[in-house]
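Let's have the full structure, built from the sequences with the hints guiding it.
Chains as they are written, first to last, in the numbering used here: chain A, 205 to 385; chain B, 67 to 324.
FYI, nobody ran anything at the bench for these hints, they're computed from the structure. There may be inaccurate statements among the hints.
Covered, in the sense of this in silico footprint (three residues per stretch, anywhere, with C-beta under 8 Å from a C-beta of chain A), are these stretches of chain B [to be verified]:
1) 152-166
2) 195-203
3) 277-289
Backbone N, C-alpha and C define an ideal beta-carbon position, used for all residues, glycine too.
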Amino acid sequence: MPGLRDRSYRLSARRCCGLAAILWMAASAVHAEDYLGRDDFLKLVFGDGQPVQHTLWLSAEKKAAAKAAVGWAPAALRLRYWQAGTRTAWIIEDIGKEKPITLGVAIAGQHIERVEVLAFRESRGWEIRYPFFTGQFNGLGLAADGYLSGPVDGITGATLSVRAVDRMARLALWLDTQVQG
Amino acid sequence: MRRRRLVGLLWRWHRRLGVVAAVFALLLAVTGIVLNHSSELGLDRRFVDWPWLHSAYGDSSADLPAFQLGRHWLSRAANGRVYLDTREVAPCGGKLVGALQSADLLYAACAEELLVITAGGELVESLGGSAGLPLPLTGIGRAGSEVVLQAGDSWWLADLELADFSARAPGGLVISQLSPGRLPESVRNAIPAPDAWLSWERLLLDVHSGRVLGRLGVIWVDLVGVLLACLATSGIGMWWLHRRRSASGRINSTKSFE
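Printed below as a string of C-alpha cells:
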C-alpha cells in the first residue's frame, strides 16, 4: 500500500508543520519582544521629515500636576519627545502587570494620531499591539475630566495592559499640551 | 566437587558484596519510604536553608551581582528590580552586567536595559532595545569622559543626551570597568531574597537517585543497582545449587537403602 503510506506521510508532515506553526505562535506570544524600534516609529509618524528631539524633565511639581490631571505620572524624571511643527511623538513606559510596556504616541492638533506598542515584556496581554486595538485611540483627545474623549474597547485577559496603554495615551495628550504652550 | 567449589565461591562473594551493598540498600530503602510519604510529612513545603548546598546545586541567585559606586551599592534583587543600597529604583530587564558613575549620574546596565539614576536613587530614564540600545548588554565602561557599552564582543559609544548608541567604539580605546563585589549583609537582608526552591523532598529525591553528587552520583547509584542485581542472582544461584545437591543427596540415600 505505497499510496496510502505516502498519503499518511504527507498528512503527518502537514500536522508537523501545523504543530510547529502553533508552537512558534505560542512562543512568540509569550516571549518578551521589541516590536518596533524608535527610529522606525519616528519614520511612521514624521515620514521623511526631520523631527527635533527634546527632553522634558518631570519635576515633583510636574508629576503632581500630571497625577491631578490624568491620574498617573511615570517614575522616570526625564522623558524624550520629538517634534516637527505642532506634531509631537512620545515614547512612554509603564508597567502593565509586572513588566514595563513601551508605547509610542503621536499627537497632532491635541488629538492622537497614532499609537504603537514598541516593546511588550509581559507574558499575557500582548494583543494590545494589534491595530484593532491601537487604532481605537486615533482621533481621541483629552476630555476635561482627564479621561479620553471617546470610548476604547478592552480585551479580555489583557485588562491591565489595556489600562496601561490608556494611562500612557492620556499622559501623552497632557504632556503635549504642556510643551505646545 | 566442582559444584561445591562453585557454591563456596558464590557464598564468599555474596557475603562481601552484601556488606558493601547493605549501607546503600538501607539508604535507598529509607529515602524511598520517606519519599512515599513526603506530602503527608510536609517535605514538599519545607525548604533547605544551607547556602553551601545551594552553591553545590549551581544556584548563584544568592550571590546577587552588585557594584560599589562610591559609598553606595547598586544591585539587582531577586524581584528583577535594581536597588541603590536599600532603595528600590526600577525594574531592569535581564541580569545586572555592570554599573558606572559618571558626573552626578549612575548607570545600571542590565542585559536588556540601561537605567540612568540620580545619586539619590531616582530613576532618570530607562533605555531598552526600542531606543536603539545594542542588546544583550554584557558590560558598561568608561573611555575617558565617554560612556561605552559592550554587547557581545563589540563596544559602542553611548551618547546619552541623544540616546544614540549607533557608533562603534574605535579600536585601541582604553576602557575602565568596575568589577562586581559582594553585597554587604545589611543591604542583602533588606532587599527581596531569591525564592526558596530546594525543598526537602527534592533533596531526598536527589539523594535517592544519586543526583545530589552530580553525574558521578548517578553512576554510583547505577553501580549499586547492578550490585543488588548481582546479589539477587548469586542468591538464587546458591539456592538452586543447594536444592539440586539436597535432591541428589536424597536420591543417593534412597538408593543406598534399596
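Legend entry - chain A over the stretch 277-289 of chain B, status - at least 3 residues with CB closer than 8 Å: violated (count 0)
Legend entry - Coverage claim, chain A over the stretch 152-166 of chain B, checked by counting residues with Cβ within 8 Å (three needed): Answer holds; 3 residues pass the 8 Å Cβ test.
Inset, instruction - Count the residues of the stretch 195-203 of chain B whose CB lies closer than 8 Å to any CB of chain A, then report whether that count reaches three. - result: Three-residue rule met by the stretch 195-203 of chain B, so holds; n is 4.
Hint violations for this structure: number 3 only, all remaining hints satisfied.
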